[in-house]
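> The numbering used here puts the first residue of the first sequence at 2, with every later residue one more than the last.
Worth flagging that the hints you see were computed from the coordinates, not collected in a lab. Ideal Cβ positions, reconstructed from N, Cα and C, are used throughout, including at glycine. Among the hints, a few may not be true.
To be verified - Derived DEER-like restraints, expressed as beta-carbon distance ranges: (1) K89 / K121: 22 to 28 Å; (2) K150 / K89: 42 to 48 Å; (3) S83 / N56: 32 to 38 Å; (4) T122 / A21: 16 to 22 Å; (5) V13 / R118: 34 to 40 Å; (6) K124 / D87: 21 to 27 Å; (7) S133 / K58: 17 to 23 Å; (8) Q120 / D80: 18 to 24 Å; (9) N84 / L135: 30 to 36 Å; (10) D12 / T143: 19 to 25 Å; (11) K150 / Q45: 44 to 50 Å; (12) P74 / D115: 35 to 41 Å.
To be verified - Distance condition first, Cα-Cα at most 27 Å in a straight line; then the derived BS3-like pairs of lysine-lysine: (13) K82 / K46; (14) K106 / K81; (15) K58 / K70; (16) K141 / K23; (17) K142 / K106; (18) K23 / K89; (19) K105 / K82.
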Amino acid sequence: MQYWLMKSEPDVYSIQDLQAEKSKTCDWEGVRNYQARNFMKDMQKGDQVLFYHSNAKPPGIVGYCTINKTAYPDETSLDKKSNYFDSKSTKEINRWVKVDLKLKKVFSEILSLDFLRGQKTLKDMLLLKKGSRLSVQPVKKTEFDKILKLAGVK
DNA sequence: GCCAACGTTGGC
DNA sequence: GCCAACGTTGGC
2 MQYWLMKSEP DVYSIQDLQA EKSKTCDWEG VRNYQARNFM KDMQKGDQVL FYHSNAKPPG
62 IVGYCTINKT AYPDETSLDK KSNYFDSKST KEINRWVKVD LKLKKVFSEI LSLDFLRGQK
122 TLKDMLLLKK GSRLSVQPVK KTEFDKILKL AGVK
């Protein structure tokens, strides 16, 4: 079992949007960064994922999910009308993948970036490192547990 | 809207 | 394979 953090801009897709899905699941489309993609390929069913709102007021962790389906082709890269179109991908050789998430919990309050920076035990989190922009990143079990505790889930 | 920190692209 | 130019991310 591994732990991850995934970023989404709430204007594009928020955790409330996920909550509004009947199935409480979503396809995590549109990742167009190799490092992020490689992490997605490493994900196993049942892995736990923190859901982060970026470009939000305030930015922060808003809940968590589990991996419902491991990596498979992201066909939005083939759709000329999609924002995620990639001219170098074909049906045969599609560079990009997505995973499916299932919502576990929406935190009662956002754990804002500011608040997280104030937590000494989280200071090594990738998310809090200067210049860290990865939209999919690994999280240590200790960090994940701490965050659930801070959110009042555990 | 600014801009620092990264990633990617493409000419050489 | 280097690296300058360009594009993107994302906090502020």
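> Please verify whether K105 and K82 have alpha carbons no more than 27 Å apart.
violated (32 Å)
> Tell me if the straight-line CA distance from K23 to K89 falls inside 27 Å.
Roughly 34 Å separates the two Cα atoms, so the pair is violated.
> When you take the CB atoms of Q120 and D80, is the distance between them in 18 to 24 Å?
Check failed, 41 Å falls outside 18 to 24 Å.
> Is it true that the C-beta distance of V13 to R118 lies inside 34 to 40 Å, as the hint says?
violated (24 Å)
> Take a look at whether the Cβ-Cβ distance between N84 and L135 falls inside 30 to 36 Å.
violated (19 Å)
> At the C-beta level, are K89 and K121 separated by a distance inside 22 to 28 Å?
violated (44 Å)
> With 19 to 25 Å as the target window, see if D12 and T143 comply at their CB atoms.
violated (32 Å)
> Determine whether the Cβ-Cβ distance between S83 and N56 falls within the hinted range of 32 to 38 Å.
Check failed, 20 Å falls outside 32 to 38 Å.
> Verify the CB-CB distance for K150 and Q45 against the hinted window 44 to 50 Å.
Since K150 and Q45 have Cβ atoms about 24 Å apart, the given range 44 to 50 Å is violated.
> Honestly, do K150 and K89 meet the 42 to 48 Å range at C-beta?
holds (44 Å)
> Does K23 sit within 27 Å of K141, going by the straight-line distance between their CA atoms?
With a Cα-Cα distance of about 31 Å, the restraint between K141 and K23 is violated, given a limit of 27 Å.
> Is the hinted pair K82 and K46 satisfied, with a Cα-Cα distance of at most 27 Å?
This hinted pair is violated, its Cα atoms lying about 31 Å apart.
This entry does not satisfy hints 1, 3, 4, 5, 6, 8, 9, 10, 11, 13, 14, 15, 16, 18, 19, going by the numbered hints stated previously.
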